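Trainee: All chains, full assembly: derive it from the sequences and hints.
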Amino acid sequence: MKFGVIVFPGSNCDQDVYHALGSVLGQPVDYLWHGDTDVTGYDCLVLPGGFSYGDYLRAGAIARFAPIMPAVIDFARSGGLVLGICNGFQILLEAGLLPGAMRRNDCLQFRCQWTYLKVENGATPFTNRFREGQVVRIPIAHGEGNYYADAATLRELETNRQVVFRYCNENGEVTPATNPNGSVGNIAGIINREGNVLGMMPHPERCVESILGGTDGRELFASIIDWWQGRERLGA
Amino acid sequence: MEPEVYRQMGLTDEEFERIKEILGREPNYLEVGMFAVMWSEHCGYKHSRPVLKLFPTRAPWVLQGPGENAGIIDIGDGQAVVFKIESHNHPSAIEPFQGAATGVGGIVRDIFAMGARPIAVLDSLRFGPLDEPRNRYLMNGVVAGIAFYGNCLGLPTVAGEVYFEPSYSGNPLVNAMAVGLIEQKDIRRGRAAGVGNAVMLVGARTGRDGIHGATFASEELNQASEERRPSVQVGDPFREKLLIEACLDIIKEDLIIGMQDMGAAGITSSSCEMASRAGTGMEIDVDLVPRREEGMTPYEVMLSESQERMLLVPKKGAEERVRAICRRWGLEAVVIGRVTGDGIMRIKEGSRVVAEVPARALTDQCPVYQVERRRPAYLDELQNMDLSRLPEPADYGETLMKLLASPNIASKEWVYCQYDYMVRTDTVAGPGGDAAVLRVKGTGKGLALTVDGNGRYCYLDPETGGAIAVAEAARNLSCVGARPLGLTDCLNFGNPEKPEVAWQFYQAVAGMSRACEALQTPVTGGNVSFYNETEGEAVYPTPVVGMVGLIADIEKRCSNGWLQEGDVLILLGETFPEIGGSEYLAVIHGLVAGRPPALNLEREAAVQELVRQSIAAGLASAAHDCSEGGLAVALAESALAGGTGAVIEFDGSLRPDYLLFSESQSRVVLAVPPAARDRVLALARERGVPAAVIGRTGGRELAVRVNGRTLFNLGLGEMEKQWRESIPALMAR
Numbered sequence: 194m195k196f197g198v199i200v201f202p203g204s205n206c207d208q209d210v211y212h213a214l215g216s217v218l219g220q221p222v223d224y225l226w227h228g229d230t231d232v233t234g235y236d237c238l239v240l241p242g243g244f245s246y247g248d249y250l251r252a253g254a255i256a257r258f259a260p261i262m263p264a265v266i267d268f269a270r271s272g273g274l275v276l277g278i279c280n281g282f283q284i285l286l287e288a289g290l291l292p293g294a295m296r297r298n299d300c301l302q303f304r305c306q307w308t309y310l311k312v313e314n315g316a317t318p319f320t321n322r323f324r325e326g327q328v329v330r331i332p333i334a335h336g337e338g339n340y341y342a343d344a345a346t347l348r349e350l351e352t353n354r355q356v357v358f359r360y361c362n363e364n365g366e367v368t369p370a371t372n373p374n375g376s377v378g379n380i381a382g383i384i385n386r387e388g389n390v391l392g393m394m395p396h397p398e399r400c401v402e403s404i405l406g407g408t409d410g411r412e413l414f415a416s417i418i419d420w421w422q423g424r425e426r427l428g429a
Numbered sequence: 066m067e068p069e070v071y072r073q074m075g076l077t078d079e080e081f082e083r084i085k086e087i088l089g090r091e092p093n094y095l096e097v098g099m100f101a102v103m104w105s106e107h108c109g110y111k112h113s114r115p116v117l118k119l120f121p122t123r124a125p126w127v128l129q130g131p132g133e134n135a136g137i138i139d140i141g142d143g144q145a146v147v148f149k150i151e152s153h154n155h156p157s158a159i160e161p162f163q164g165a166a167t168g169v170g171g172i173v174r175d176i177f178a179m180g181a182r183p184i185a186v187l188d189s190l191r192f193g194p195l196d197e198p199r200n201r202y203l204m205n206g207v208v209a210g211i212a213f214y215g216n217c218l219g220l221p222t223v224a225g226e227v228y229f230e231p232s233y234s235g236n237p238l239v240n241a242m243a244v245g246l247i248e249q250k251d252i253r254r255g256r257a258a259g260v261g262n263a264v265m266l267v268g269a270r271t272g273r274d275g276i277h278g279a280t281f282a283s284e285e286l287n288q289a290s291e292e293r294r295p296s297v298q299v300g301d302p303f304r305e306k307l308l309i310e311a312c313l314d315i316i317k318e319d320l321i322i323g324m325q326d327m328g329a330a331g332i333t334s335s336s337c338e339m340a341s342r343a344g345t346g347m348e349i350d351v352d353l354v355p356r357r358e359e360g361m362t363p364y365e366v367m368l369s370e371s372q373e374r375m376l377l378v379p380k381k382g383a384e385e386r387v388r389a390i391c392r393r394w395g396l397e398a399v400v401i402g403r404v405t406g407d408g409i410m411r412i413k414e415g416s417r418v419v420a421e422v423p424a425r426a427l428t429d430q431c432p433v434y435q436v437e438r439r440r441p442a443y444l445d446e447l448q449n450m451d452l453s454r455l456p457e458p459a460d461y462g463e464t465l466m467k468l469l470a471s472p473n474i475a476s477k478e479w480v481y482c483q484y485d486y487m488v489r490t491d492t493v494a495g496p497g498g499d500a501a502v503l504r505v506k507g508t509g510k511g512l513a514l515t516v517d518g519n520g521r522y523c524y525l526d527p528e529t530g531g532a533i534a535v536a537e538a539a540r541n542l543s544c545v546g547a548r549p550l551g552l553t554d555c556l557n558f559g560n561p562e563k564p565e566v567a568w569q570f571y572q573a574v575a576g577m578s579r580a581c582e583a584l585q586t587p588v589t590g591g592n593v594s595f596y597n598e599t600e601g602e603a604v605y606p607t608p609v610v611g612m613v614g615l616i617a618d619i620e621k622r623c624s625n626g627w628l629q630e631g632d633v634l635i636l637l638g639e640t641f642p643e644i645g646g647s648e649y650l651a652v653i654h655g656l657v658a659g660r661p662p663a664l665n666l667e668r669e670a671a672v673q674e675l676v677r678q679s680i681a682a683g684l685a686s687a688a689h690d691c692s693e694g695g696l697a698v699a700l701a702e703s704a705l706a707g708g709t710g711a712v713i714e715f716d717g718s719l720r721p722d723y724l725l726f727s728e729s730q731s732r733v734v735l736a737v738p739p740a741a742r743d744r745v746l747a748l749a750r751e752r753g754v755p756a757a758v759i760g761r762t763g764g765r766e767l768a769v770r771v772n773g774r775t776l777f778n779l780g781l782g783e784m785e786k787q788w789r790e791s792i793p794a795l796m797a798r
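Protein chains in written order, with my numbering: chain P, 194 to 429; chain S, 66 to 798.
Just so you know, the hints here were simulated from the structure itself, not pulled from any lab data. Incorrect hints may appear among the rest.
Quick list of simulated restraints, FRET-style, between CB atoms [to be verified]:
id : chain 1 : residue 1 : chain 2 : residue 2 : range
1  : S       : Q629      : P       : E363      : 17 to 27 Å
2  : P       : A316      : S       : T775      : 52 to 62 Å
3  : P       : W226      : S       : E397      : 16 to 26 Å
4  : S       : K786      : P       : T346      : 48 to 58 Å
5  : S       : Q629      : P       : M194      : 36 to 46 Å
6  : S       : G143      : P       : G215      : 50 to 60 Å
7  : S       : D460      : P       : A344      : 35 to 45 Å
8  : S       : D716      : P       : R296      : 52 to 62 Å
9  : P       : E363      : S       : G509      : 41 to 51 Å
10 : S       : D716      : P       : G326      : 20 to 30 Å
11 : P       : A344      : S       : Q144      : 25 to 35 Å
12 : S       : D319      : P       : S403      : 33 to 43 Å
13 : P       : P260      : S       : Y202      : 38 to 48 Å
These stretches of chain S come out as covered by chain P in the derived footprint (C-beta under 8 Å, 3 or more residues) [claimed, not checked]:
id : region
14 : 217-224
15 : 570-581
Quick look at which bits of chain P chain S covers, simulated, 3 or more residues with Cβ under 8 Å [stated by the list, open to error]:
id : region
16 : 205-215
17 : 295-304
18 : 376-386
Only a predicted model underlies this, so the values are computations on that prediction, with no experimental measurement involved. A virtual CB, placed ideally from N, CA and C, is assigned to each residue, including glycine.
Mentor: Structure, rendered in structure tokens:
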């Protein structure tokens with residue numbers, strides 16, 4: 194399978210994702226330029242973290258108008274795998290590929306720290322190597338990660354099992370004290386209804402090697418590869 | 066010209082006379098402005114230049130010493146590390162957020178100006194006590210500003226230091242260090258060589274912001290300083306991120322001869338410094354400079370300190386390609402002049418020449434002042450104070466708990482959790498340890514980075530304090546297993562025209578130089594920040610050392626946390642009755658007095674070599690040096706960092722408070738597995754380093770018994786709460 198990492202002006206985790214996929218997981222991976230309009234030939238697109246367009250106006254608000262975005266939207270609508278990490282998640286929200294919106298952290302400060310996440314749905318292309326209810330440790334680094342959705346949308350997300358990760362403690366308890374940014378329902382990551390577009394604030398690419406303090410992120414990328422290979426085997 | 070005109074720009078009557086002599090005529094307004102910024106203390110180093118010559122600057126591994134945008138050190142395999150530190154004290158004092166943010170922006174530009182990929186930022190911060198609201202405002206703003214700029218650039222802020230003393234109340238110190246990695250073949254220097262070559266301006270448009278920022282940085286702060294707010298520039302990290310990528314693409318294609326960032330004194334300094342280094346001149350047409358505002362005069366264009374701009378001298382014929390790369394990154398790149406052979410900076414507005422000054426007159430002919438040096442009168446009284454009469458604490462547990470809550474010792478997580486210290490996925494050890502460790506992808510190597518200084522020691526004895534700053538930085542690197550290779554210094558002092566400040570400055574540099582020689586850590590560049598005074602009161606003399614070290618095999622590294630039970634704890638070095646200048650003396654007895662601890666550099670070097678050898682041989686499972694708070698705080702920090710307690714038991718002839726809280730130098734606590742104990746003790750004997758087994762790790766408490774008497778027995782939980790919650794609680798007021 195082939196990964197494409199989209200580079201917006203101001204993306205700054207593009208090289209980290211590229212390294213994780215290419216050097217650590219040994220997958221074919223290319224950078225895709227924001228000014229391009231074609232994503233043909235890729236099986237999974239990653240929108241990396243960073244400050245696309247300086248996060249001016251609102252995180253992700255300008256990036257959604259980048260020339261490559263119509264192709265990303267088409268790709269997602271036709272079932273292609275799209276992973277948005279941090280700023281990438283914010284862009285997916287702004288582009289309407291995922292429901293809800295992002296506000297500033299409730300502490301009004303940037304937060305960089307390791308977080309524990311409860312895997313709420315282990316049956317997605319991105320999480321199939323995790324058990325449901327499993328606690329994983331993946332770091333966050335953001336100033337606008339305070340996820341919001343109105344009550345109706347939230348109900349829908351819950352009903353359809355679209356909440357994939359919640360901030361918790363090491364025992365898997367989801368409490369206000371384990372919420373680093375004020376997100377409604379401690380939500381750290383959600384998937385679209387069709388199950389092919391995942392947005393998450395934590396950075397899996399930062400924990401793919403034990404020298405960096407953890408490898409849970411590697412399992413997320415490995416899930417994508419497993420899922421793809423399984424689909425190939427079924428001749429899908 | 067009316068004297069008020071040049072005086073207001075910061076020039077003295079004598080300096081103005083000298084300019085007339087150099088030019089052989091009366092300078093015009095623009096020319097005076099150019100001289101004023103280039104001859105400001107900030108750019109001209111007129112009170113520091115002769116003293117800075119004391120620094121050792123050479124070693125076989127130094128590829129670039131002082132005088133360039135940044136220093137460069139060879140780390141093998143054709144790679145090198147580029148690094149430099151710089152102050153942004155004055156701007157941060159009146160506009161903390163933008164002042165600190167643009168401080169990061171400026172120092173990062175110095176790194177990629179050499180052609181290097183920036184890979185990390187460090188910060189050294191000093192504020193007044195946090196119970197004053199203004200100091201909290203300053204710290205909030207400074208930390209948020211560094212986070213805003215560094216995080217957006219995608220650069221991890223991996224280490225730093227934060228101290229609080231009343232002397233910094235009106236004048237905080239904000240020193241930022243940046244580090245880059247480069248293939249040696251890509252190194253570029255800030256030289257405008259090749260007569261006829263184009264001179265290009267890349268990046269942001271030029272506005273009226275920051276005019277005379279360099280002059281402002283060369284004055285004392287006072288009530289009128291608030292009016293200087295417009296001298297503080299506004300940073301745009303997004304544009305700088307684009308500038309980094311564009312400049313590195315330009316380097317990759319080998320399109321330029323040299324480049325330089327525009328910081329203090331804007332186009333004026335970058336152009337004349339590039340010309341001066343190459344022995345050339347330059348012709349610049351201000352009409353060609355893209356502006357953000359209409360009606361700007363040549364004076365405003367030449368002196369603007371608008372951020373996120375670089376000056377490039379492309380190879381002949383490469384202009385179009387440079388423009389194309391910049392366009393791809395959404396940046397403007399404009400030819401604004403060309404390199405000439407006559408050594409003259411010729412500034413034109415269209416066809417009209419508006420200034421004509423020899424480049425070297427601006428960069429090299431700045432007058433140098435040797436101010437009389439006088440030992441400050443306060444020293445005798447403070448140094449000779451009899452500290453032996455101070456009472457011993459009644460409760461050692463309570464004493465340690467107070468020290469752990471002292472903001473100088475307490476956890477700085479409140480600060481560094483606002484920095485993205487993980488981006489670039491090379492941070493193997495981030496903030497909170499003795500030194501940060503970064504891996505170098507594609508190699509087995511690691512870089513260790515630290516920034517250190519102790520203003521209190523320097524206040525009490527600048528020579529010893531300066532030496533300790535260097536020794537402690539090197540010790541911190543050694544404690545993670547790295548060999549120290551070189552340093553960049555940021556010298557924060559008061560008004561150098563005062564004999565006492567001149568004395569402190571000289572002494573501190575002399576002490577630093579002594580330690581640099583002994584520890585083989587040459588100075589590769591740095592920055593002097595004078596006039597750190599508020600209403601006539603100087604800050605503590607505060608030399609800050611940013612040091613870089615190399616770990617040959619990153620698997621052979623160490624941290625300060627005790628991670629396993631049953632390790633033997635060995636104290637290397639000796640404890641002397643040295644509580645002068647200590648955190649114990651300040652926090653428990655309310656005194657800043659005495660002499661700082663003595664520094665025996667031979668011993669220091671031996672201890673550091675032993676620590677590195679033990680780590681490289683895989684004998685040590687943790688290493689931590691004793692610094693502020695002495696042995697007791699070092700033990701508590703290791704316990705908290707690793708989540709493992711210890712039982713400590715040793716005998717000593719000193720007063721127990723001296724044994725626990727003296728800040729004697731050249732001491733490191735090693736945790737070693739029982740099987741390695743004898744080997745480490747034997748190595749210590751070989752090197753003549755005193756080594757004593759003082760306890761064993763284990764449990765969830767830290768118990769200390771001296772001469773059979775239990776001094777304290779504290780749970781990790783209660784210590785951690787005290788240590789971790791102190792600064793957040795103060796900031797929440």
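Trainee: Does each hint fit the structure? Answer for all of them.
Mentor: Each hint, compared with the structure:
no. : hint                          : in the structure
1   : S/Q629 <-> P/E363: 17 to 27 Å : 20 Å, holds
2   : P/A316 <-> S/T775: 52 to 62 Å : 57 Å, holds
3   : P/W226 <-> S/E397: 16 to 26 Å : 20 Å, holds
4   : S/K786 <-> P/T346: 48 to 58 Å : 39 Å, violated
5   : S/Q629 <-> P/M194: 36 to 46 Å : 42 Å, holds
6   : S/G143 <-> P/G215: 50 to 60 Å : 22 Å, violated
7   : S/D460 <-> P/A344: 35 to 45 Å : 55 Å, violated
8   : S/D716 <-> P/R296: 52 to 62 Å : 60 Å, holds
9   : P/E363 <-> S/G509: 41 to 51 Å : 32 Å, violated
10  : S/D716 <-> P/G326: 20 to 30 Å : 54 Å, violated
11  : P/A344 <-> S/Q144: 25 to 35 Å : 55 Å, violated
12  : S/D319 <-> P/S403: 33 to 43 Å : 38 Å, holds
13  : P/P260 <-> S/Y202: 38 to 48 Å : 43 Å, holds
14  : 217-224                       : holds (count 3)
15  : 570-581                       : violated (count 0)
16  : 205-215                       : holds (count 6)
17  : 295-304                       : holds (count 3)
18  : 376-386                       : violated (count 0)
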